[in-house]
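Chemist: All chains should be built: construct the whole structure from the sequences, respecting the hints.
Those protein sequence lines, which keep their order, are chains A and B. Its first residue numbered 843, the first sequence is counted upward by one per residue in this note's numbering. Its first residue numbered 67, the second sequence is counted upward by one per residue in this note's numbering.
You may find that some hints are simply not true.
Derived PhoX-like pairs: lysine-lysine, alpha-carbon spacing no greater than 25 Å straight-line [as the list claims (entries may be wrong)]:
no., chain 1, residue 1, chain 2, residue 2
1, B, K277, A, K883
2, B, K277, A, K1008
3, A, K953, B, K181
4, B, K180, A, K953
5, B, K181, B, K144
One side only, chain B facing chain A, incomplete, derived with CB under 10 Å [said to hold, decoys possible]:
no., residue
6, L74
7, A97
8, F120
9, P175
10, V210
11, S217
12, V219
13, L240
14, T268
These are calculated hints, taken from the structure and not from any lab test. Beta carbons: idealized from backbone N, C-alpha and C, even for Gly.
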Amino acid sequence: MNAQPMKFVPASEFKQRAAVAVADQHLRKSFRGAMDFLITKRAAQFPDAAALESQRLLAEHIRKYSLARLPELLEQLERKLTDNGVKVHWAETAEEACAIIIGIAQSHSTKLMVKGKSMVSEEVELNHAMADVGIDALESDMGEYIVQLDGEKPSHIIMPAIHKTKEQISRLFADKVPGARYTDSVDELIGIGRAVLREKFMSAEVGMSGVNFAVAETGTLCLVENEGNGRMCTTVPNVHIAITGIEKVVEKLEHVPPLFGLLTRSATGQAITTYLNMISGPRRPGEKDGPRELHLVLVDNGRTQAYADQQLRSTLQCIRCGACMNHCPVYTRIGGHAYGTTYPGPIGEIISPHMLGLAATHVLPTASSLCGACGEVCPVRIPIPELLVRLREEAQHDARPGHAPLLGQGAAKSRLVDAVWAGWAALYTRPALYRAFGWLATRLRVLTPPFQGGWTVSRTPMKPAARTLHERMAARKSRWQ
Amino acid sequence: MSARQNILRRLREAPQGPLPLPPDVGAFHAAQAAGTAASTRHSRIELFCEKMAFWHGEVVRVTRANWPQTLRELCAAKGVRSLLYGEQSAHAAALAAAGITGLKPYDRPVDEWKKELFEDTDAGLTSTRGGIAETGTLIVWPDVAEPRLLSLVPPIHFALLDADQLYDSFLDALREQRWSEGMPTNALLVSGPSKTADIQVTLAYGAHGPKELVVLLLVNEEELV
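Modeler: Structure follows, in structure tokens:
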């Protein structure tokens, strides 16, 4: 019923979708308003720039340290979790991850799985795969529930339904939720969602969640949330399956507070979320609730490709706060759906190429003015603009010597562009040729075409000056003498 | 080769720069705190109350002697018909003596009475393992005596917090209570009732969990307001 297949859009059609989105006044208004709100809330949490800087340095240090020790920390995490009674699974690809989860769900012959918010489950397109085998994977985060009910994907990683107005949501509920009447009270709308989903928490055999931090020393999965649906999904059903990217592990519990503090403040401008849910094992004998079975699925899906390169590895420092998209002038104008990928905005532009390959995503790193806002607000100091430039380069060229090619390496290579650059280089390294070209271009300026492709869509045509700079300098000199 | 081996092999084959030093979170914390006056019991109580109020949590100051009576009055005022509690918890006897109507022990596995828990339970009472002043946060530590859902499913969550166990920060709490030596199956930080801003960035309380959080803060006689 609710797990209708969603429409997936190829990232390669980004430009057309961006053009449509930019012209959509309603969308522009929703995003501008919401992003301004989040920017202001975040700024209020960091009144002291120097203190923020030192906290970012610490958070970056913790993430870099964890990544440097990633293989051994993953093994330690697995050991600890296994000791605690958790079953750990590894998946190299999205398909493998879905197959593992479907296998677990089918072993319990369930038809319904309730889900807490998990971007990794979106990334592997789990709901799709579950629907194919007849299992209803129901999103229970309010925003995710709303977009799923409407057959859409989230448009923001923290606020999935940010593109919708309450009137649209109310009409959606009135159409699709039995017994719901049209109301424009947000409290009533939340009440409707609450009532529907509480029924589902009660009846579902399997619950699913993501993970914000996995602590190796104690085998603890930390989940950050405000709504309580994550706690429901991980506590009420008999089986809990957690899914996470392999990069989410940290060594010690005490590494969590600095990251957690920056995560919530960067994401929504909250000093802390309502819940930090720390799960270290299934129900023990004598306990009266909690899942009887607990699984963790560790997903690679391209992360080891980013890991293999010391510069690209910093992509994996990300703690998924969404601050980069909130502050991105491109994201704010086109919204999350235009990107066509699970992760939109600047972080999506640098992580999606590893997951989907440059052939499908090479245009994404170009969706940036390189203004630097994303890198400046990133709580773990990922140099996003530098990575965007690097990926643009990888899309246009063969792999650097000594580097393994990325998936889709050189996908945006163009003979025309190569020829233009070769011509430019020839011209600018040979003074005689350069002067001759300049002389010719200035004399033939009347022949400049008035329409110059993309340039003249919103700019006046380029036209050479009447005389070259060399000629004008020579004329000035002769006047002085 | 299994997925596990392949992933670990790829990670191990990646070039590594020099290993960064282990982050010293404690030293960082100490450096940030340097120059500010150390907190006092009074300042921690005041800060906790202020922050918890910000999260829409209600804080009621009580004493060891009067808290069951206060809870009884609160339940009556809020129209609570059934109050769920852990029958093996340390405060079970005090509760029973207070004459609260509709006391309901969480005495069997949830699977046997899920529907009643979800549909016919007005409030739940839990103890806490402490609180965090900086953020107005409760440390809830479910166990055999006080199951996990006690603080989640009933629409009102009453939590008993001893002011002696207020810490300045999350880090202080987990260090001083030596969490790393052993975590329970589930531990929680709770800051206010459940909430969402997913519809048009408008804040609404009572998303999926409790709609109200009432903290019974155990203080000394002279600290009652």
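Chemist: All the hints need checking, so say for each whether the structure fits it.
Modeler: Cross-check of the supplied hints:
1. K277(B) / K883(A): Roughly 24 Å separates the two Cα atoms, so the pair holds.
2. K277(B) / K1008(A): Between K277(B) and K1008(A) the Cα gap is close to 21 Å, so the pair holds against 25 Å.
3. K953(A) / K181(B): Distance ~19 Å between K953(A) and K181(B) Cα, so the pair holds.
4. K180(B) / K953(A): holds (19 Å)
5. K181(B) / K144(B): Satisfied, since the Cα-Cα distance of roughly 22 Å is no more than 25 Å.
6. L74: holds (5 Å)
7. A97: holds (8 Å)
8. F120: For F120(B), the interface hint holds, since the closest Cβ of chain A sits about 8 Å away, which is under 10 Å.
9. P175: Interface hint status for P175(B): holds (5 Å vs cutoff 10 Å).
10. V210: Check passed: Cβ of V210(B) comes within 4 Å of chain A, closer than 10 Å.
11. S217: holds (9 Å)
12. V219: Since the shortest Cβ distance to chain A is 8 Å, the answer is holds.
13. L240: holds (6 Å)
14. T268: This interface hint holds because 4 Å falls under the 10 Å limit.
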